[in-house]
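As a plain string of letters, each chain reads:
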Amino acid sequence: MAGTGDAHLRPEEDSLLRVEDLVVTFSAGSKKVIQAVSGISLDVIDGETVGLVGESGCGKSTTGRAIVQLPRPVSGKVMLDGEDLTTLKGEALRRMRPEMQMIFQDPISSLNPRRKVRDIVSEGLDIWSVGDKASRDAKVDEVLNAVGIDPVNGDRLPHEFSGGQCQRISIARAMITNPKLIICDEPVSALDVSVQAQIINLLQDMKTRYGLTLIFIAHDLAVVKNVSDRVVVMYLGKTCEVGKPEILYRQPAHPYTAALLAAIPVPDPNVKVSTENILGGEVPSPVSPPSGCRFRTRCPRATELCAAEEPKMREAFSGQYVACHFPLSPGETIDFHSPVTAKN
Amino acid sequence: MSKPKPTDIEKRVSAAGSTVTQSSETLLEVSDLTTYFRSSRGLVRAVDGVSFKLDRGKTLGIVGESGSGKTVLARSIMELLPRSGLERNGSILFEGTELIDFGPKEMRPYWGAQMSMIFQDPMTSLNPVMKIGNQISESIREHLDVSKQYAKELSEQLLVSVRIPEAARRLDEYPHQLSGGMRQRVCIAVALACGPKLLFADEPTTALDVTVQAQVLDLMATAQNERFMAMILITHDLGVVAGRTDEIVVMYAGRIVERADTKTLFSNMKMPYTEALLKSIPRVDQPSHLRLSTIPGRPPDLVNPPEGCKFAPRCAYAQDRCTQEEPPLREITPGHEYRCWFPVGTPEGAGALANNRAQGTTATGLVFQEPEVATTTRGDG
Ligand SMILES: Nc1ncnc2c1ncn2[C@@H]1O[C@H](COP(=O)(O)OP(=O)(O)OP(=O)(O)O)[C@@H](O)[C@H]1O
Ligand SMILES: Nc1ncnc2c1ncn2[C@@H]1O[C@H](COP(=O)(O)OP(=O)(O)OP(=O)(O)O)[C@@H](O)[C@H]1O
Ligand code: SF4
Ligand code: SF4
Ligand SMILES: [Mg+2]
Ligand SMILES: [Mg+2]
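Chains A and B, in that order, give the protein sequences. At position 316 of the first sequence the residue is numbered 316 (the numbering used here), and the sequence of numbers has no breaks. At position 102 of the second sequence the residue is numbered 102 (the numbering used here), and the sequence of numbers has no breaks.
Chain A on its own, in the form it takes in the complex (with noise of 0.2 Å):
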């Protein structure tokens, strides 16, 4: 099966990771799969936030794991720091494992309710016995303040901790280890948003401290632009569109990226509601996606050809990349209410 392309990622020399054709498929009972990841390729510089979003099943998740090797993808390559991840086995890969972390949506579900805090955060150096107990103390108690947990509170259990706290407990497990990369899942989905703004910035702040790379997975477009230097815009386990936050907000080529800017609710009474404009329709089975451009059952613009063939990733301005046979010029908006012409 045709990949959506690599136009958009950058040489391989400059990479932190690069992620080429991923393909990942889930077995859904008597012979149907889930198509969940289809060709997804991504790059991402060290020190760079790159965001992917889109919405519920797209993928980003399953993609944030493949990369991890948390399922092993079916085909496509994950290089991390010009070593190839899918062919890495047993010890290896294992290897590997302190190099990426994860970071997950719900804060108190994934932290262990019977380990003190302390212990949780020191796990990924336990593992490997780095240095002496002394010494991995001295860095347990490091990255708790760094993240803002006083290691008084270290002897505590999760549940007596907060979910914006159990967040930071989270990041300061995940950054123990000094991984080269942090792949964070919806990490502020499920928080207040006073919260939420406390653990973006700490995650900046962390970035900036150590030098952190992150790919910033959630379905917040707001979150995403604020957090990422690079955004991934997913649908249906295909991308979409790729560039620079700054651009690719003010001026989506992808009709899927405007779909999606535009049913943001704005917090201004001044803006008005677009009720007319709305994107319809619901989001094919992953089981049996739409052949060609995976949208086209939604597109206003689909035509045969998007139902022959699959759009590749191509550069649409300068910098910014779209797989779409039919992208947006600058400035150009879309009708979501015009008829959709190929169906199925």
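To be clear, the hints were calculated from the coordinates, so they are not data collected in a lab. Misleading hints may appear alongside valid ones.
Unchecked claim - In silico DSS-like links for lysine-lysine, alpha-carbon gap of 30 Å or less:
(1) K279/B to K207/A
(2) K77/A to K272/A
(3) K263/B to K272/A
(4) K116/A to K180/A
(5) K131/B to K152/B
(6) K272/A to K279/B
(7) K279/B to K58/B
(8) K131/B to K272/A
(9) K31/A to K263/B
(10) K207/A to K133/A
(11) K116/A to K133/A
(12) K77/A to K31/A
(13) K263/B to K279/B
(14) K244/A to K279/B
(15) K244/A to K139/A
(16) K272/A to K53/B
(17) K32/A to K105/B
(18) K32/A to K77/A
(19) K116/A to K139/A
(20) K207/A to K244/A
(21) K105/B to K152/B
(22) K116/A to K244/A
(23) K312/A to K31/A
(24) K133/A to K180/A
Bear in mind that the values here come from a model prediction, so they are computed numbers and not experimental data.
Following the hints, complete the assembly by docking chain B with the ligands onto the known chain A.
Leaving out everything else, chain B with the ligands in the frame of chain A:
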């Protein structure tokens, strides 16, 4: 009792509100409502003296952080709370009838037919082992004396009205066979089935994607207009309430801390808490990497709330007075009320800020943080 002709029912279902005069008259009036839970730790003051009015056909937004009492307030009004350990006082006038002393038995005729509720997680309000069609017709038949067949037809119409594709087929499906957005639309259909005059929507779109959220909110707005139904929209998303409400109530620690019409609340907020909430949300129209304002700390313990203003431990404006005396909710200009000694944008507020800025801390010992959004981007410090 003779069965009403379908046409009558149709009228009731499609335009329940239109039989009443379409003037702005009060539908719901809540006065000094308190809802406490007895717990081993003491009394949890989840709703502590809330008063507001809602006119027919209008939409009231309720915002506030997690635990501020939004859900308990809605459930308390609808009398949908567990009775054990509950202390509920005050007054709830619905079309002039006092509901506060009503038990479930007296409330039954109100549920669904007069007021209904949509919840955040559609799965909790749908029965997972019952077909969609049966769930809707059951709710119809509980309030309207119609035949099974007729209720079925009506169910299909309702699914069509909430824009569920292939409605007839969906009637025979179970909730898990639908997408999240469709399930929420079914919940709306159920909630609207008997033409309520008041719809509570408790975080109805929080679990949904933006495009689906927009679809669902549009659908609710359309239903509301068609039926002249009043709505209480509970959410923590200020973006959602901004475009879809007439008036907004901001809750903190079980109290209303500010209430104003939507435009005023956003353009001329007086409560430091409202300001802090609004400034902590990232917006798509802001540049990337803008450092966000945060609200330090967390909401107070509802068993042992602090003396004085409940927001004082987190407030950049806090002065000594705030820690001693709780500000009353005062209506300063018509329709705009708030609870604060040093309101935003007033000389008092400016003085309090200047004072704290000079000292570097607030009266509660909080390190002073400018309530303005920083203009510097991150990474340079
Ligand atoms: N372990 C699994 N087994 C079977 N199907 C799976 C599994 N994990 C994910 N899927 C399916 O793969 C697709 C992509 O799911 P994924 O969780 O990656 O989406 P997502 O973009 O992270 O969505 P969300 O925003 O809801 O978290 C979905 O159709 C999902 O149902
Ligand atoms: N049955 C109960 N017994 C004891 N305390 C309760 C009960 N129900 C709610 N509370 C408490 O009442 C307070 C208000 O809760 P409520 O659910 O109304 O908050 P909310 O504003 O809806 O928050 P969220 O945004 O998280 O939904 C919370 O502190 C909660 O723990
Ligand atoms: S125009 Fe065609 S290729 Fe582009 S998004 Fe629409 S359906 Fe896909
Ligand atoms: S200024 Fe005082 S009264 Fe007003 S919100 Fe802050 S602490 Fe409360
Ligand atoms: Mg996910
Ligand atoms: Mg709630």
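Consistency of the hints with the structure:
{"no.": "1", "hint": "K279/B to K207/A", "verdict": "holds (23 Å)"}
{"no.": "2", "hint": "K77/A to K272/A", "verdict": "violated (45 Å)"}
{"no.": "3", "hint": "K263/B to K272/A", "verdict": "holds (12 Å)"}
{"no.": "4", "hint": "K116/A to K180/A", "verdict": "holds (26 Å)"}
{"no.": "5", "hint": "K131/B to K152/B", "verdict": "holds (12 Å)"}
{"no.": "6", "hint": "K272/A to K279/B", "verdict": "holds (20 Å)"}
{"no.": "7", "hint": "K279/B to K58/B", "verdict": "holds (27 Å)"}
{"no.": "8", "hint": "K131/B to K272/A", "verdict": "violated (38 Å)"}
{"no.": "9", "hint": "K31/A to K263/B", "verdict": "violated (55 Å)"}
{"no.": "10", "hint": "K207/A to K133/A", "verdict": "holds (27 Å)"}
{"no.": "11", "hint": "K116/A to K133/A", "verdict": "holds (16 Å)"}
{"no.": "12", "hint": "K77/A to K31/A", "verdict": "holds (26 Å)"}
{"no.": "13", "hint": "K263/B to K279/B", "verdict": "holds (16 Å)"}
{"no.": "14", "hint": "K244/A to K279/B", "verdict": "holds (24 Å)"}
{"no.": "15", "hint": "K244/A to K139/A", "verdict": "violated (35 Å)"}
{"no.": "16", "hint": "K272/A to K53/B", "verdict": "holds (26 Å)"}
{"no.": "17", "hint": "K32/A to K105/B", "verdict": "violated (49 Å)"}
{"no.": "18", "hint": "K32/A to K77/A", "verdict": "holds (25 Å)"}
{"no.": "19", "hint": "K116/A to K139/A", "verdict": "holds (16 Å)"}
{"no.": "20", "hint": "K207/A to K244/A", "verdict": "holds (18 Å)"}
{"no.": "21", "hint": "K105/B to K152/B", "verdict": "holds (27 Å)"}
{"no.": "22", "hint": "K116/A to K244/A", "verdict": "violated (41 Å)"}
{"no.": "23", "hint": "K312/A to K31/A", "verdict": "holds (29 Å)"}
{"no.": "24", "hint": "K133/A to K180/A", "verdict": "holds (24 Å)"}
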